[in-house]
Amino acid sequence: MAEYDVTGETHKEQESPAKVVQEKKDPLQEDHRSKQFADLDRVIGRYSRERGQLIRILQKAQEIFGYLPEEVQAYIAEKIDIPVSEVNGVVTFYSLFATEPKGKYTLNICMGTACYVKGAQTLMNALKEELKIDEGETTPDGVFTIKSTRCVGACGLAPILVANEDVHGKISPGEIKKIIQTCRKGESVDNKKH
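Everything in the sequence shown is counted per the working numbering, starting at 3 for the first residue and increasing by one.
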């Protein structure tokens, strides 16, 4: 059935976001993507009957996909019968949700007062120079994302770098380079210095 706009031009009837997502096919990733959506369907089935579970569903979806692109938000909205704008409002309100792909390692530099006074900006500059990306960006190989954060509550260890969940205190620009090299080798970065 054709729809007409104010100019009189015809337009194809829009398909549901969930159907559009399912019809996108990339031969290299189709099986993986299908598994991700099957996993998401199980999550939605488990939590959608409970009122107020959107945040939990979004958290699980982010675990599955690594981030929450628009097509995943639209899929969730349709499956739990709420407006996409409501899902997007929650995603963009809470900083724990990402709408862009993140690297395998998220490197956060604490910019709280104690860390800033002890050289956090110098660390951030060294990190950006070493990885050749800006804050908020991900390296082309998908390994690193650079972020800044406010006080992590370990002011006695300033300045602080948090690599994923691992806190590294009293860091120097030279140590940032070592942490990056360790991550690139695929080794654990849990050699906490505190």
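Source of the hints: derived by calculation from the structure; they are not laboratory data.
Check before you lean on any hint, since a few could be wrong.
[Stated by the list, open to error] Derived SDA-like pairs (lysine to any residue); straight-line CA-CA distance at most 25 Å:
{"#": "1", "residue 1": "Lys180", "residue 2": "Cys157"}
{"#": "2", "residue 1": "Lys130", "residue 2": "Ala116"}
{"#": "3", "residue 1": "Lys120", "residue 2": "Lys172"}
{"#": "4", "residue 1": "Lys179", "residue 2": "Thr94"}
{"#": "5", "residue 1": "Lys104", "residue 2": "Arg53"}
{"#": "6", "residue 1": "Lys81", "residue 2": "Ala116"}
{"#": "7", "residue 1": "Lys62", "residue 2": "Ala79"}
{"#": "8", "residue 1": "Lys187", "residue 2": "Gly158"}
{"#": "9", "residue 1": "Lys104", "residue 2": "Arg51"}
{"#": "10", "residue 1": "Lys104", "residue 2": "Glu65"}
{"#": "11", "residue 1": "Lys104", "residue 2": "Gly158"}
{"#": "12", "residue 1": "Lys149", "residue 2": "Glu102"}
{"#": "13", "residue 1": "Lys106", "residue 2": "Pro142"}
{"#": "14", "residue 1": "Lys81", "residue 2": "Lys106"}
{"#": "15", "residue 1": "Lys180", "residue 2": "Thr124"}
{"#": "16", "residue 1": "Lys62", "residue 2": "Glu167"}
{"#": "17", "residue 1": "Lys106", "residue 2": "Asp143"}
{"#": "18", "residue 1": "Lys104", "residue 2": "Glu52"}
{"#": "19", "residue 1": "Lys172", "residue 2": "Leu159"}
{"#": "20", "residue 1": "Lys120", "residue 2": "Lys81"}
{"#": "21", "residue 1": "Lys104", "residue 2": "Thr94"}
{"#": "22", "residue 1": "Lys62", "residue 2": "Lys120"}
{"#": "23", "residue 1": "Lys134", "residue 2": "Lys62"}
{"#": "24", "residue 1": "Lys37", "residue 2": "Met113"}
{"#": "25", "residue 1": "Lys130", "residue 2": "Lys81"}
{"#": "26", "residue 1": "Lys134", "residue 2": "Cys157"}
{"#": "27", "residue 1": "Lys62", "residue 2": "Glu72"}
{"#": "28", "residue 1": "Lys106", "residue 2": "Val119"}
{"#": "29", "residue 1": "Lys81", "residue 2": "Arg44"}
{"#": "30", "residue 1": "Lys187", "residue 2": "Ala116"}
{"#": "31", "residue 1": "Lys106", "residue 2": "Ile84"}
{"#": "32", "residue 1": "Lys104", "residue 2": "Val119"}
{"#": "33", "residue 1": "Lys149", "residue 2": "Tyr69"}
[What the hints assert, rightly or not] So the derived label-pair ranges between C-beta atoms look like this:
{"#": "34", "residue 1": "Asp83", "residue 2": "Arg152", "range": "18 to 26 Å"}
{"#": "35", "residue 1": "Lys179", "residue 2": "Arg53", "range": "47 to 55 Å"}
{"#": "36", "residue 1": "Gly158", "residue 2": "Ser50", "range": "40 to 48 Å"}
{"#": "37", "residue 1": "Asp43", "residue 2": "Val119", "range": "17 to 25 Å"}
{"#": "38", "residue 1": "Lys37", "residue 2": "Thr151", "range": "15 to 23 Å"}
{"#": "39", "residue 1": "Thr184", "residue 2": "Arg51", "range": "22 to 30 Å"}
{"#": "40", "residue 1": "Cys153", "residue 2": "Ile82", "range": "31 to 39 Å"}
Model, not experiment: these values are computed from the prediction.
All C-beta atoms in this analysis are idealised placements derived from N, C-alpha and C, irrespective of residue type, glycine included.
Results for each hint:
1. Lys180 x Cys157: Since the Cα atoms of Lys180 and Cys157 sit roughly 22 Å apart, the hinted pair holds (cutoff 25 Å).
2. Lys130 x Ala116: holds, 21 Å
3. Lys120 x Lys172: holds, 9 Å
4. Lys179 x Thr94: violated, 32 Å
5. Lys104 x Arg53: Cα-Cα ~30 Å, so violated.
6. Lys81 x Ala116: violated, 46 Å
7. Lys62 x Ala79: Measuring from Cα to Cα gives roughly 14 Å; hence the hint holds.
8. Lys187 x Gly158: Not OK: Lys187 and Gly158 at ~30 Å, beyond 25 Å, violated.
9. Lys104 x Arg51: violated, 30 Å
10. Lys104 x Glu65: holds, 12 Å
11. Lys104 x Gly158: Violated, at roughly 29 Å.
12. Lys149 x Glu102: Holds, at roughly 13 Å.
13. Lys106 x Pro142: The given pair, whose Cα atoms are some 12 Å apart, holds under the 25 Å limit.
14. Lys81 x Lys106: At roughly 29 Å apart (the allowed maximum being 25 Å), Lys106 and Lys81 break the hint.
15. Lys180 x Thr124: holds, 16 Å
16. Lys62 x Glu167: holds, 18 Å
17. Lys106 x Asp143: With a Cα-Cα distance of about 10 Å, the restraint between Lys106 and Asp143 holds, given a limit of 25 Å.
18. Lys104 x Glu52: The given pair, whose Cα atoms are some 30 Å apart, is violated under the 25 Å limit.
19. Lys172 x Leu159: holds, 5 Å
20. Lys120 x Lys81: Judged against 25 Å, a Cα distance of about 49 Å means the pair is violated.
21. Lys104 x Thr94: The hint holds at about 15 Å.
22. Lys62 x Lys120: violated, 37 Å
23. Lys134 x Lys62: violated, 31 Å
24. Lys37 x Met113: With Cα atoms ~39 Å apart, Lys37 and Met113 exceed 25 Å; violated.
25. Lys130 x Lys81: violated, 40 Å
26. Lys134 x Cys157: With a Cα-Cα distance of about 28 Å, the restraint between Lys134 and Cys157 is violated, given a limit of 25 Å.
27. Lys62 x Glu72: holds, 16 Å
28. Lys106 x Val119: Roughly 29 Å between the alpha carbons, so the hint for Lys106 and Val119 is violated.
29. Lys81 x Arg44: holds, 11 Å
30. Lys187 x Ala116: Given pair Lys187, Ala116 is violated - Cα atoms ~31 Å apart, limit 25 Å.
31. Lys106 x Ile84: The given pair, whose Cα atoms are some 31 Å apart, is violated under the 25 Å limit.
32. Lys104 x Val119: Cα-Cα ~28 Å, so violated.
33. Lys149 x Tyr69: Roughly 15 Å between the alpha carbons, so the hint for Lys149 and Tyr69 holds.
34. Asp83 x Arg152: 18 to 26 Å: At 37 Å between Cβs, range violated.
35. Lys179 x Arg53: 47 to 55 Å: For Lys179 and Arg53 the Cβ distance comes to about 49 Å; the hint holds.
36. Gly158 x Ser50: 40 to 48 Å: holds, 45 Å
37. Asp43 x Val119: 17 to 25 Å: About 49 Å separates the Cβ atoms of Asp43 and Val119, which means 17 to 25 Å is violated.
38. Lys37 x Thr151: 15 to 23 Å: violated, 32 Å
39. Thr184 x Arg51: 22 to 30 Å: violated, 44 Å
40. Cys153 x Ile82: 31 to 39 Å: Between Cys153 and Ile82, where Cβ atoms are some 35 Å apart, the hint holds.
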